[in-house]
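**Student:** Generate coordinates for the entire structure from the input sequences, incorporating the hints supplied.
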Amino acid sequence: MKPNEIINKMFQNDAFSQWLGISIESVSPGSCTLSMTIRKEMTNGFGIAHGGITYSLADSALAFAANSHGRQSVSIDTSINHIETLREGDKIIAITTENALKNKFGFYTIEIKKEEKIVALFKGTVFRSEKEWKAP
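Sequential numbering of the sequence shown, starting at 265, is according to this note's numbering.
Keeping only pairs whose Cα atoms sit at most 30 Å apart, straight-line, the calculated DSSO-like set for lysine-lysine is: (1) 273 <-> 395; (2) 378 <-> 273; (3) 387 <-> 366; (4) 398 <-> 366; (5) 273 <-> 398; (6) 368 <-> 273; (7) 273 <-> 387; (8) 377 <-> 366; (9) 355 <-> 378; (10) 387 <-> 377; (11) 273 <-> 366; (12) 387 <-> 266; (13) 366 <-> 266; (14) 377 <-> 304; (15) 387 <-> 368; (16) 377 <-> 273.
Hint data in this document are derived by calculation from the structure and do not stem from the laboratory. In this text, all values refer to a predicted model and were calculated from it rather than measured experimentally.
**Tutor:** What follows is the structure in C-alpha cells.
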C-alpha cells in the first residue's frame, strides 16, 4: 500500500484523532504533517490547552509517519516538552522528522508549531512489527 492509503485507512478507524479535528496536510514515507485547531473543551482550568492535546496530535503524527513505510508499527517510548501556552482558536501543526529507521525500531521527532513558532517538541520511538499493511 502507498503511504497515503495506509494513513487514510488508519485515520478512518481513529475516532480520537477525528474527535481532535485533525487534518492530514501531507504524507510521505517516514514523514507526516498534521494540523488542528484548539477548541474550548480542550482547555484546562487555566484557560490554556491541556498538555494532552499537543501530545495527542504529536502521537498521531508519529503513528502515521512510522506506519507509512508499510509495516505496522506502535510507539514504545515517547516524551514531550511544552514550550509555549496555547489557547482556544489557536491552529497548530505537527511536523514529523524521521531521525533513523532500523529493522525493528524507528526514531522520530515532531515539532508542534503555531504559525512559525515552536510550541512543543515531541520525541518518539516505535517498534516495527513484521506485519505488513494490506489493501482491503
